[in-house]
Amino acid sequence: MKTFAKVSPILKKNWFRIAIGLFLIVVVDVLQLIVPKVMQKAVDSLELPGFVQSDLLKFSLFILLIAVLIAIIRFFWRILLIGNAWIIDRDIRQLYYDHLLTLSRNFFNRSKTGDLMAYATNDLNAVRMLAGFGFVIIVDVVVFSIASMVFMVNISLKLTLLAIIPMPVLTVIIIFFGRSIHRHFRRVQKSFASLSGQVQESISGIRVVKAFVQETAELQKVSRSAYEYVKENIALVKIFGLFDPTLFLVISISMGIVLIYGGTYTMLGEITMGEFIAFFSYLGMFVWPMIAIGWFVNLYQRGRASLLRLNSIFAENPEITDENPDFSITTLTGSIRMEELSFRYGEKSPLIFDNISFEVQQGQTLAVVGRTGCGKTTLVDLLTRVYNPPHDKIFIDDHEIYEISLNVLHSNLVTVPQDIFLFSDTVADNISLGKPEATQKEIETAAEFAQVHNEIMEFEKAYETVIGERGVTLSGGQKQRLAIARALLTDPGVLILDDALSAVDTKTEKHILEHLINIRKGKTTIIIAHRISSLQHADKIIVLDNKKIAETGTHKELLAVSGIYRSLYEKQKLKEKLEK
Amino acid sequence: MYGSEDDLKAKVYDSKLFTRLVSYLKPYRILVLISFILLFLIATAELALPYVTKMAVDRLITSNTNLLQFDSRESARDFIATYKSVIFKEYSFEEHCYLLFSNNRMNYISKLDLELLQQENRLVTKIVLLNRDSSTMEIISKIDHVIISDNLVAVPALQLSNMRKEGLISLRQLQGLRRNDMRQLKIYGVVFFSIIALQFVFTYFQIFTINYAAQHAMYDLRRQLFTHLQKMPLSFFDRNPVGRLVTRITNDVGTMDEMLSAGLIKLIQDLLVMLGILVMMLVLNWKLALVTFTILPFLITLLIVFKNKIMIVYRIVRKRLAAINASLSEDISGVKIIQLFNQYLRKKKEFAEVNERFYKASMRQMRIYASFRPVIHSLRRVAIAIIIWFGLGQVMNNVISLGIFMAFLSYMDRFFEPIDHLSEKFNILQAAMAGAERIFDLMDHKPEDYRETRKSGMKLQGDIEFRNVWLRYNEDGDVLRNISFRIKAGEKVALVGHTGSGKTSIISLIAGLYPYQKGEIFIDGRKIDDYSLEELRDNIGIVQQDVFLFTGTVRDNIVLSNNDITREEMEKVARYVNVHDFIDNLPGKYLEQVMERGATFSVGQRQLIAFARVLAYDPAIFVLDEATSNIDTETEILIQDALKKLMENRTSIIIAHRLSTIQNVDRIIVMHKGEIREEGSHQELLEKKGLYYDLYRLQYT
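Top to bottom, those sequences are chains A and B.
For the first sequence, numbering that gives the first Met the number 0 begins at 0 and goes up steadily by one.
For the second sequence, numbering that gives the first Met the number 0 begins at 0 and goes up steadily by one.
One chain only, chain A, in its complex shape (with noise of 0.2 Å):
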């Protein structure tokens, strides 16, 4: 990916803005380099015959009128080029996030959560700068390093070649000063790190600190390492502290030779007093581009590396995405067969599962029994396409699944998942996710379902209340049945629980089990429960173990057999005669 290719259509689709906000600033770039003109006028006016005081009174309105247009001008190139940052700072990050959700659960696995948003943010607010001020700053420093020389030839050949002696000097200090600082303030900011780390880890291990009286031994990491940022800031500064003072030395030491020469020159007549005031504005608008390239520079590298990280993520392919699907297909009824399905997450990675197959018709209740880490979270992501699958190994409705779209998919296979999310937002809202167009009716009948209608009923603002940080904070178990409501008002052809009941206690899970038998009379529903209590209905029991299914059959034909199943609920009944 071209590294400017997210930001060009945009450039391109404002073209004609941005061309007006360009020509704008030429006008003021140019209305700036009148004034020492008019200054110059005004000066050397003062030695004409016949010139009254009220004739000045024309050059000041016509350098406050120039101040005006400069005012004004400058108000709309603002708003067009810095306007048409903020536009592009608007569109990308919608780009990004548009293309974020669609990305799969792999690439949210290897990616922090920290980086993704301060792409959205802090790299997107270089951008911006780039595409703001970049533009200003090469208009200004092309116009203005070229205009102020050549007003500058045009008062005296000699007197500028002069002044601007020390000037290389001035790029070459930017860049050399440029490489030092920047290698310094790498070790800085390294220093940076290993200091938060180490103060990290230190109050990570407070306990252990504690428990061995290690606090001394501790401050004094803390310490050293304190130090240590604060030796490669004091080099930094050696370095950095030369920067500004030595730009100003060298533009006072041209200042300081047009004083010398200019002086001699105004002195012999060579040049008129007006033009060697003149000479000074000029000189000042000469080194302004000067020290400008370096901004620019700097400007150019940061927006580039934080082009090129958002170019990373938008370079990210959506795994998980229609292979050419049958749209004919818009229903499930919810058979579901397995055949020969292993599984591995990647291609170095240990196999989850080795040859399983089962089948489960319509209107069948299935079970997933199994340890904890056996894969039945796995089973359920590969049903629904949260990891794709390996081809013609699952078929539902005798569909294999990628002719199946994943509109369709997942409108018909829908998860409770294990670890619940919910947005920060009311309650009636989330439970409507899957169907905003749901009415109040149809939540409160799911609700009810799940055994949360009262609870809900209790809160402050009832259906209306917000969750989360800003609102109130539910327990597992209410987040639970949250969950589980939301799915029950979508009325699946598949309803698939994974371990969703965990955190329900015992009564309420039983009235939600006998509930979902009802409802679900008809409709296939997938159950993934370490409580066997909350499978005993079940059509179906599978135990998953090392790999493979170990057993199937039902409650009471596991139960028979000595194995897996009978071990676990032996053990579960043990668990709740503990619990009570």
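Dumping the calculated DSBU-like pairs for lysine-lysine here, alpha-carbon to alpha-carbon at most 35 Å:
(1) Lys347(A) to Lys539(A)
(2) Lys185(B) to Lys237(A)
(3) Lys576(A) to Lys643(B)
These are calculated hints, taken from the structure and not from any lab test.
Dock chain B against the given chain A, drawing on the hints supplied.
Just chain B now, with coordinates in the frame of chain A:
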């Protein structure tokens, strides 16, 4: 919890916080003082440069001198006596006397006198002085000239330059004539260059000294803050996420360093220079200064209105940015649900709204900038217009010199320079104030009492007794209820129970990590509160379930800060707990670096290292929270063997997860929901067929 991250303090300046902050600079006051003196010198230099230019222009570059002729010394003296406020320079040649004075003092001389002088041709305005040698005299013979002393001759500047313009003399000749002035101008150049050289040196040392002081002050603050933090009770760490505490010590302290070294000092420097400029202008010409100052009320009003407007919008922008961050964070966490529920389009639309709101606020902020900044910027040109109209008028009327006019232009340029960066500096100050508030808020939290004065250098026997102890961490209810037991010195006891039954809490209480609400704990017959915390903990060796290893070498992790332990002793200890062979096989042996808190070692290996750590300290009480996870058989055998050795001749309390462990202890305490339910030996408890019997079947088979 205290102080949330996004707290945006409106205050730019808070005197209490500020005083407290500045107090950290006290040890470096000499450096700070030097820095401030340098600041004054720099400001002076900045003000001096335009003045040097002014002098060069007035004395040499333009002709600003008038000449009066008198026939006798007496009449000249009379004239001087009449005009005391004009500075005259007196020359005499033959019987004539000549007075030189500055053109801007023309108006001090009465019109009557001036007319008389002009009628008698005794006044020559705008002259230049040349060396009176033969070649000079020959060239200037064609124009007016007055010999004013043995070696000086005065000519009207205009006539001299006209000669050059008409080509009557060459450039070289003119240079020859004015060699005196040219030499003098070079002297001004030297002065100018000396000032900028000094300014360079001053600025560099000023930056260096203030940064040196600020960095060290921040180092002290970091140390103090960290020391304070370490002494906070554990319950404080339970309530505050590690990340937030790290931020206090790193970033928040950082904002203050930035304020001291960049924001504040620069602000003071700018204010000094701006004030100096106003003073200089008044001194140079108070009339022109006052006329120029008419822009100040506009400038100040604009700045105040701007600041007020931008503050309001700034807060809105921050809020909406926070909303973007909140959406992003939430939707990234909930992306699975969004995808599974087909909510892609809806969430996209929702985000577009949040994004648009931020965009609108930013545009509003941008429009305020676009409206005010160019206007404020243009005020500089208004000032130039005023200076041209009024200033040049004054020049025409011979009231001020061109040099003063130029100086005014330079000063105005310099005056407006800091105004562009004003808001930047206020942001730095604001951030620092918010940081300071968070830091001092933390500093004001009361630390745990370490009871340092109770130190007695004792060695514990290891007799532990709980009498009716109750414990709760927060409002959620009691974690331990009415716990009473006694463990005699040298006894080996296992704690068993379900998750959340209170086993770990008992260990924490013995180590004095949490305060308890009711009851008494005795160690060796003395109340636990009577021991110095440091000494108490020195006598207790704890191995946690998930062993925490520090960054550093394996050796560091065994001996910790006790550098008295020799290498032989350390190896002996390591051999004793069966970890020597493992360490010896590492590439760096005992000096192998521990990475990522020991993540490269297995749970079992880490536990063995922790065993060595405990043995090296040889505490009277040994506490172990056994790992729940599976450990490979080989390591397990080593651990069990080491454990047996460790428990010898030591009071040992073990939260047991292994069958072999519970079989090896003298007594088992069975906990349930914060209470002690059963107590006894393994066999006794099994025979009872009670809670322990069930637990045993659930966990240990």
